[in-house]
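Novice: So the protein sequences, as listed, match chains X and F.
Each residue of the first sequence is one higher than the one before, counting from 8 in my numbering.
Each residue of the second sequence is one higher than the one before, counting from 3 in my numbering.
Calculated directly from the structure, the hints in this document are not laboratory data.
Treat the hints with caution; some may be incorrect.
Taking beta-carbon pairs under 10 Å as the criterion, some of the chain F residues facing chain X (in silico) [said to hold, decoys possible]:
1) E94
2) R101
3) K102
4) M106
5) S110
6) A111
7) F114
8) S116
9) R129
10) L133
11) A177
12) L184
13) M222
14) Y226
Think about it this way: if two alpha-carbon atoms lie no more than 20 Å apart in a straight line, the pair counts; the simulated DMTMM-like pairs of lysine to aspartate or glutamate are [to be verified]:
15) X:K148 - F:E99
16) F:K47 - F:D230
17) X:K53 - F:D115
18) F:K76 - X:D198
Here are a few chain F residues that sit away from chain X, every Cβ distance over 10 Å (derived from the structure) [said to hold, decoys possible]:
19) G51
20) T81
21) G105
22) E161
23) G164
24) M166
25) M178
26) E181
27) G263
Predicted model only: the values in this text are computed from it and were never measured.
For each residue, glycine too, the CB sits at the ideal point set by N, CA and C.
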Amino acid sequence: MLLKLIERFGAAVERPVEGVGRCLILLSATIKWIFRPPADIRNIFKQMLEIGVNSLPVVLITAVFTGMVLALQSYTGFKRFGAEGLVGSVVALSMTRELGPVLSALIVTGRAGASMAAELGTMRVTEQIDALETLATNPVKYLVVPRFLSGTIMLPALAVVTDIVGIIGGYFVTVMLLGASSKAYLRATWDYLNVDDIYSGLIKACFFGASFALISCYKGFYTKGGAEGVGRATTGAVVVSSMTILISDYFLSAWLFK
Amino acid sequence: MVSLNMFFHLTCQSWQFEIVNEMIELIDVHKAFAGKAVLRGVNLKVEKGESVVVIGGSGSGKSVLLKHIIGLLKPDQGTVMVSSIDLSEVDEDGLNEIRKKFGMLFQSAALFDSMTVWENVGFGLKRHTLLTEEEIKDTAIQKLRLVGLVNVADLMPSELSGGMRKRVGLARAIAMEPEILLYDEPTTGLDPIMADAINELIIKMRETLNVTSVAITHDMKSAYKIADTIAMLYNGEIVAKGTPEEIRNTSDPVVRQFIEGRAEGPIVLEGVER
Ligand SMILES: Nc1ncnc2c1ncn2[C@@H]1O[C@H](COP(=O)(O)OP(=O)(O)O)[C@@H](O)[C@H]1O
Ligand SMILES: [Mg+2]
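Bound conformation, chain F alone (with noise of 0.2 Å):
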């Protein structure tokens, strides 16, 4: 059993550090949409400063995990907790409060395609903040340079390249300075160089702001070079968890025939016959 293995050796691992600090905890939570259950008893855990990334096939419902932990989506049944507060508990407002902590990047950026690039990035402090439009736009410069952008701020989102688009919806993400930042696929439909460079600004992300993240992929690549756990999202739950190099050696056949990329072996393709 590699999950087992994988928890005992978690759990040593906290011992060590002494103080457990969970910063998102997904609780046995299910989801279904139009009685077809896409979560199926989710349980994850993720420390502070922790970077996770959530594996699991197309449509295995990754993005939906991922809205739930910030709580575009609620569960049908079952728990998340955010810095230990149970989102089914707080109101309106009270969520608003603890999104302001979060981050997202979205698979296409999800960028307001009516607003300037330096008004995407300076939305959050535009809407929370008192700073004055200038103060705004120097803000919203520097995040863009941090991710490498230079003389974009006054063009529209539809004149940027794809891997434009995620560099700004990453300015965006982290332009309130976020305790945790969300990653739908950030690598998906990028060349590779783009993805890899993708890849070094999320790790980069990490060691300057010091954030805990959460990003879902089916990019193993990707996966290895900027996860401290790997966690696999098969069949509604999480069924395996590892450091990568654990995953890359494991025995389970699920996990195994998902990281080589395999279409014979024990998972079932939906709608797809064999």
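Bound-form chain X, shown alone (with noise of 0.2 Å):
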């Protein structure tokens, strides 16, 4: 089922089939190779680190900022039509449902997918790739299979980080800065959150964390022609990932919240 659905997506993206057709082949061989042991753990961990922790920064300040403008314009947007009780809905749905899993993405693709583009990609150009199969290890198994699933991993976790965040950020606004209620900002919040927008929040993420992942991966692993090559590997992925990310984004949310 996720074949299908990465095939569909990437297919809409812009680059043609002979990219989509490799970057099945690659989710076909990281998926094989996820469950042959012995698994690597010591090189999952570190690529969790380098995509969760290291990501946290940034994801934070977005987040916290993302959440106080959502509810600057909502309560100002909402504050016309008497309906300002409403912000704190407003911004707990946005960000579960949406702005956490979206946002998260996003930056995470611009920090560690282009990281890993340009490393895989140095190492192609460079022949390590090549090396390594000389020494008798499975560059797919060594490289790919750890960020393909500390990006599955950990962008949920980044999202669930987002939506927190940015409610606070929410609450900050709208109480302390605008003198809303307390009380009122924190029962809309619960009021309105189901736990399936969470929890559809963050299969969203899931699949952008392998989608990303992935399509970085393919562009560093397939890169032709030394530093040049590596530019563009390194461009492609973030932009073919960002849109990968902003297609699918919608025909899961179609698929999810019918």
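Combine both chains into one complex, guided by the hints.
Specialist: Pasting the structure below:
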């Protein structure tokens, strides 16, 4: 099922059939190697640190300001028809369903996706990937699997952080700056927020994490043509991953929230 | 016909030794990239313990040839045999087992730049043996000493000079005690003294470790020094093969032009107008 989804969304993105096909081949190789022992725990951990922990500062700042601006805008807008009591719900629903997963995915793509493509691309053009193979080490297992797994695991975690921090940012603006009632804000947040909202947001985050990691690894893995090629791979990774995230977001939302 | 002479000579040699033990055999190997033929029917045999040097111009497909021997590239047509096993008939695990017999030194050393020198050298040991971290480091230091390096184990590859990187690459190649060593332009880009030191090392590896080796180069001085047999790759084929002495005295115009390093002659340089 996952295979089919990626195929559909990948095809919608500009890059034509050949890239999508090879990307899917890499995906199936990656999935195959995930289940082949031994698991490379240390490498997975290192990547989780890189993707998750090192992205945290940027994600935190983005989340808090997004929550703040969301509250500010909806408060002034809703005030016109006396619905400022709903600001808490708007912030909570937008963050969990939409902005948490999408924003954290876009930020991580810009940071970790770019660095994955650049690192693997450099390894390709300096023959380090060939060297891995000559040392009887499968490069998909050694390089792609840890990145793919960490992307898939860490993005939902970052999305949760984004959700919470965004809601706190919204609370800060609405209650502390605009002087709305704290109780009313919290009630608006909890009353309209379902577990489903959070949970489907996290499914999206999982999917985004898998996609950006796969696409970035793919771009790096098949880099050609020296330093210039590495540059192209890095840009390509960010552009294609971001497009995939935004386009698939629509379809996933249509499917999850119907 | 130089090549005929040489084949005759080689055949005689094999008869003398009775047992013909082919370590590596390429049979009619063809390879094209995006429609551009690079190898057009390469035939090459390497016997156990032999040191073969393949010479040829830049872009003639030497690296491509070497990558076929260790299965990094697959031929479009033809067969690559390593100790009588057809590489196209083994699965991924089988190929990895065969690769453990190999050590390869890349042209730019291809050290893993995220790891220290000793982690580079010990990479294969870490992946394929149950040795402890300490044992691996000790072995790595010992291999580094073998290639003439001391006190570098904890440095990062980016802190090393070109010649040192090649030595580390060589230490990594020999760390798993391979039976076959492949060298991709081992002396290219080094100053003459460092180049000669690397040649000496290659000879030393052969004498102390008793390995079969295939080197590719366009450095004739190096070729004469390290080869039992020199083969010339031109136009996607092996056009001549013989001992260094035979190659030095050949009358084949293509080989002569190459070993004398002349711009005029039968060899057509790609993209260069005459
Ligand atoms: N992976 C590849 N993809 C496309 N073309 C390649 C690839 N590897 C080598 N080539 C082409 O094959 C030719 C021979 O390359 P190579 O074997 O590296 O030459 P050299 O004899 O200098 O080592 C070159 O024209 C190169 O562009
Ligand atoms: Mg080469």
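Novice: All hints, please: hold or fail.
Specialist: Right, here's what the structure says about each hint:
no.	hint	result
1	E94	7 Å, holds
2	R101	4 Å, holds
3	K102	5 Å, holds
4	M106	4 Å, holds
5	S110	6 Å, holds
6	A111	9 Å, holds
7	F114	6 Å, holds
8	S116	8 Å, holds
9	R129	5 Å, holds
10	L133	15 Å, violated
11	A177	9 Å, holds
12	L184	8 Å, holds
13	M222	24 Å, violated
14	Y226	27 Å, violated
15	X:K148 - F:E99	16 Å, holds
16	F:K47 - F:D230	13 Å, holds
17	X:K53 - F:D115	16 Å, holds
18	F:K76 - X:D198	62 Å, violated
19	G51	21 Å, holds
20	T81	20 Å, holds
21	G105	8 Å, violated
22	E161	16 Å, holds
23	G164	13 Å, holds
24	M166	16 Å, holds
25	M178	8 Å, violated
26	E181	14 Å, holds
27	G263	27 Å, holds
Of the hints listed earlier, those the structure fails to meet are numbers 10, 13, 14, 18, 21 and 25, in rising order.
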